[in-house]
Amino acid sequence: MDGNQISMLKKIMEIEFTCIDLNLYLDTHPEDQKALQDYNYYSNQLSMLKQQYEQFYGPLMVFGHSQSQYPWKWVDDPWPWEIEY
Amino acid sequence: MWVYEKKLQYPAKVCKPDVKMAKYLIAQYGGPDGELAAALRYQTQRFVMPTGKAKAVLTDIATEELAHLEIIATLVFKLLKGVPVEILKREGLGEYYTEHDRGLFYADTTGMLWTAAYIQAKGDAIADLHEDMAAEEKARATYEHLINLTDDPCVKDTLRFLREREIVHFQRFGETLVQVREYMESKKFF
Amino acid sequence: MQEYYISKYIDLGGLKMYDYNPYVQDYAFPSLKLAQAYVPLQKYVSLYPPEEAIKKGTVFPELDMPYVGEKMR
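Protein chains in written order, with our numbering: chain A, 251 to 335; chain B, 26 to 215; chain C, 3 to 75.
Please note: incorrect hints may appear among the correct ones.
Derived lysine-lysine pairs resembling BS3-like cross-links, with alpha carbons at most 27 Å apart [as the list claims (entries may be wrong)]:
#1 C:73 to B:31
#2 C:45 to C:58
#3 B:80 to C:45
#4 A:261 to B:181
#5 C:57 to A:284
#6 B:31 to A:323
#7 C:73 to B:38
#8 A:261 to A:323
#9 B:41 to B:147
#10 B:78 to A:284
#11 B:147 to C:35
#12 C:58 to B:31
#13 A:284 to C:45
#14 A:261 to B:213
#15 C:35 to B:41
#16 B:38 to C:45
#17 B:31 to A:260
#18 C:45 to B:41
#19 C:57 to B:212
#20 C:73 to C:58
#21 A:284 to A:261
#22 A:261 to C:57
#23 C:58 to B:78
#24 B:38 to A:260
#25 B:38 to A:323
#26 B:181 to B:78
#27 C:35 to B:181
#28 C:57 to B:213
#29 A:260 to B:106
#30 B:38 to C:35
#31 C:35 to B:212
#32 C:57 to B:41
#33 C:45 to B:181
#34 B:45 to C:35
#35 B:163 to C:57
#36 A:284 to B:38
#37 A:260 to C:35
#38 B:80 to C:73
#39 B:78 to C:45
#40 B:181 to B:31
Calculated directly from the structure, the hints in this document are not laboratory data. Here the structure is a predicted model, which is why all the values come from computation and not from measurement.
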């Protein structure tokens with residue numbers, strides 16, 4: 251796994267983590283406009299980052315959430331627990 | 026439904042293999058206050074939550090716990106990677122090796138298998154939310170014990186992340202408890 | 003419901019905890035009742051930037067409560 255893939259993956263983890271924590275906050279504060287605005291901002295950033303990553307390294311999610319180049323790249327190693335960060 | 030994402034929530038790493046620590050960490054995989062128990066507890070309790078907000082909190086925290094389960098599995102997997110059988114035996118993992126080799130299995134640190142008796146679902150939102158807050162505190166305490174048990178800075182780093190998540194979850198369950206109670210009280214008067 | 007600041011009603015054994023807490027949202031409770039547990043509702047104040055948030059384990063500075071009791075080995 252090349253250095254670029256790892257750094258893209260870490261960037262995705264960072265932005266997604268912010269989305270997760272804002273998501274949980276919004277679950278108990280659904281009318282908080284500022285939080286929602288921040289969530290939407292980071293969520294948009296996250297989908298752009300994931301799209302970029304998937305173009306190079308294959309799908310992060312299957313079941314139709316993103317497309318794959320030939321051959322089906324979902325099966326490519328390494329899987330998450332095998333990566334040396 | 027659930028969809029898997031081919032990435033960890035946190036870049037979990039270990040600095041060096043450590044059989045003893047793998048044995049202790051298994052507690053958070055298949056132990057009573059571990060991540061499997063947490064994920065399944067919240068997942069099954071959400072069906073009787075009375076408000077959309079509470080259903081969302083239980084669903085999303087259950088999902089995050091599955092991500093934590095994968096992080097713990099990754100730590101154990103990496104701590105055992107390439108360790109010779111002789112050392113597994115010497116460090117107290119002989120019994121585990123017999124059944125599972127270096128694979129992951131839902132058991133606690135003494136080899137006790139995971140059981141549904143670790144979790145509760147009372148069918149009562151208030152009782153269940155108290156259980157969830159207690160579960161988060163117990164998991165926090167376990168993470169602190171685990172941090173004390175290792176000198177590997179890489180393992181500590183991931184354990185600190187997981188411990189902090191328990192605090193955030195406690196806050197959300199606490200807010201949910203108050204909101205659910207308010208909702209139920211408002212129902213009484215109409 | 004402005005008058006119902008939770009802080010006005012928390013009185014633990016005569017100890018008024020009441021300095022204004024900027025991280026806690028006002029609750030619409032007339033008062034706290036006995037035999038009930040309460041966690042104050044968090045208020046939206048500020049966020050850690052994403053690269054810092056993941057290191058801390060939360061995006062919210064007010065929920066960032068690191069483990070300080072680590073035993074010396």
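For each hint, the structure was consulted:
As the CA atoms of residue 73 of chain C and residue 31 of chain B are separated by approximately 36 Å, the hinted pair breaks the 27 Å bound. At most 27 Å may separate the alpha-carbon atoms for a hinted pair to count; residue 45 of chain C and residue 58 of chain C meet this at roughly 19 Å. Only pairs whose Cα atoms come within 27 Å are accepted, and residue 80 of chain B paired with residue 45 of chain C is accepted, the gap being roughly 21 Å. With a C-alpha separation of about 21 Å, the suggested pair residue 261 of chain A and residue 181 of chain B falls inside the 27 Å cut-off, and the hint holds.
Between the alpha carbons of residue 57 of chain C and residue 284 of chain A the distance comes to roughly 23 Å, so the proposed pair stays at or under 27 Å and holds. Proximity of residue 31 of chain B to residue 323 of chain A is assessed by CA-CA distance (about 11 Å); at most 27 Å being required, the pair is judged to hold. Among the hinted pairs, residue 73 of chain C with residue 38 of chain B is consistent with the structure: their alpha-carbon atoms are about 22 Å apart, no more than 27 Å. Between residue 261 of chain A and residue 323 of chain A, the direct Cα distance comes to roughly 21 Å. Compliance with the 27 Å bound is thereby established for this hinted pair.
For a cut-off of 27 Å, the pair hint linking residue 41 of chain B to residue 147 of chain B is broken: about 43 Å separates their Cα positions. Taking the CA atoms of residue 78 of chain B and residue 284 of chain A, the gap is about 18 Å. The hint holds against a cut of 27 Å. Restraint check: the Cα-Cα separation between residue 147 of chain B and residue 35 of chain C comes to about 23 Å, which is no more than 27 Å; the hinted pair holds. Proximity of residue 58 of chain C to residue 31 of chain B is assessed by CA-CA distance (about 23 Å); at most 27 Å being required, the pair is judged to hold.
With a CA separation close to 11 Å, the supplied pair residue 284 of chain A and residue 45 of chain C stays within the 27 Å bound. Of the pairs offered as hints, the one joining residue 261 of chain A and residue 213 of chain B is violated, with about 49 Å between alpha carbons and a cut-off of 27 Å exceeded. Between residue 35 of chain C and residue 41 of chain B the CA atoms are separated by roughly 52 Å; this puts the pair beyond 27 Å, and the hint is violated. Distance check on the hinted pair: residue 38 of chain B and residue 45 of chain C sit about 34 Å apart at the alpha-carbon level, beyond 27 Å; violated.
A C-alpha spacing of about 13 Å is found between residue 31 of chain B and residue 260 of chain A, which places the hinted pair at or below 27 Å, so the restraint holds. Among the hinted pairs, residue 45 of chain C with residue 41 of chain B is inconsistent with the structure: their alpha-carbon atoms are about 41 Å apart, more than 27 Å. Restraint check for residue 57 of chain C and residue 212 of chain B: not satisfied, since their Cα atoms lie roughly 42 Å apart, outside the 27 Å limit. Taking the CA atoms of residue 73 of chain C and residue 58 of chain C, the gap is near 20 Å; set against the 27 Å cutoff, the hint holds.
Taking the CA atoms of residue 284 of chain A and residue 261 of chain A, the gap is near 23 Å; set against the 27 Å cutoff, the hint holds. Among the hinted pairs, residue 261 of chain A with residue 57 of chain C is consistent with the structure: their alpha-carbon atoms are about 12 Å apart, no more than 27 Å. With a CA separation close to 26 Å, the supplied pair residue 58 of chain C and residue 78 of chain B stays within the 27 Å bound. Of the pairs offered as hints, the one joining residue 38 of chain B and residue 260 of chain A holds, with about 13 Å between alpha carbons and a cut-off of 27 Å not exceeded.
Between residue 38 of chain B and residue 323 of chain A the CA atoms are separated by roughly 25 Å; this keeps the pair inside 27 Å, and the hint holds. Taking the CA atoms of residue 181 of chain B and residue 78 of chain B, the gap is near 33 Å; set against the 27 Å cutoff, the hint is violated. For a cut-off of 27 Å, the pair hint linking residue 35 of chain C to residue 181 of chain B is broken: about 40 Å separates their Cα positions. Of the supplied pair hints, the one linking residue 57 of chain C and residue 213 of chain B is violated, its CA atoms being roughly 45 Å apart against a limit of 27 Å.
Of the supplied pair hints, the one linking residue 260 of chain A and residue 106 of chain B holds, its CA atoms being roughly 23 Å apart against a limit of 27 Å. For a cut-off of 27 Å, the pair hint linking residue 38 of chain B to residue 35 of chain C is broken: about 47 Å separates their Cα positions. For a cut-off of 27 Å, the pair hint linking residue 35 of chain C to residue 212 of chain B stands: about 18 Å separates their Cα positions. The straight-line distance between the Cα atoms of residue 57 of chain C and residue 41 of chain B is roughly 21 Å, inside the 27 Å bound, and the hint therefore holds.
Using a Cα cut-off of 27 Å, the hinted pair residue 45 of chain C and residue 181 of chain B is violated, with the two alpha carbons roughly 30 Å apart. This hinted pair does not check out: residue 45 of chain B and residue 35 of chain C have alpha carbons roughly 48 Å apart, beyond 27 Å. Using a Cα cut-off of 27 Å, the hinted pair residue 163 of chain B and residue 57 of chain C holds, with the two alpha carbons roughly 22 Å apart. Between residue 284 of chain A and residue 38 of chain B, the direct Cα distance comes to roughly 35 Å. Violation of the 27 Å bound is thereby established for this hinted pair.
Distance restraint check for residue 260 of chain A and residue 35 of chain C: the Cα-Cα separation of roughly 46 Å exceeds the 27 Å cut-off, and the hinted pair is therefore not satisfied. With a C-alpha separation of about 38 Å, the suggested pair residue 80 of chain B and residue 73 of chain C falls outside the 27 Å cut-off, and the hint is violated. With a CA separation close to 17 Å, the supplied pair residue 78 of chain B and residue 45 of chain C stays within the 27 Å bound. Using a Cα cut-off of 27 Å, the hinted pair residue 181 of chain B and residue 31 of chain B holds, with the two alpha carbons roughly 24 Å apart.
Hint check: violations occur at hints 1, 9, 14, 15, 16, 18, 19, 26, 27, 28, 30, 33, 34, 36, 37, 38; the rest are consistent with the structure.
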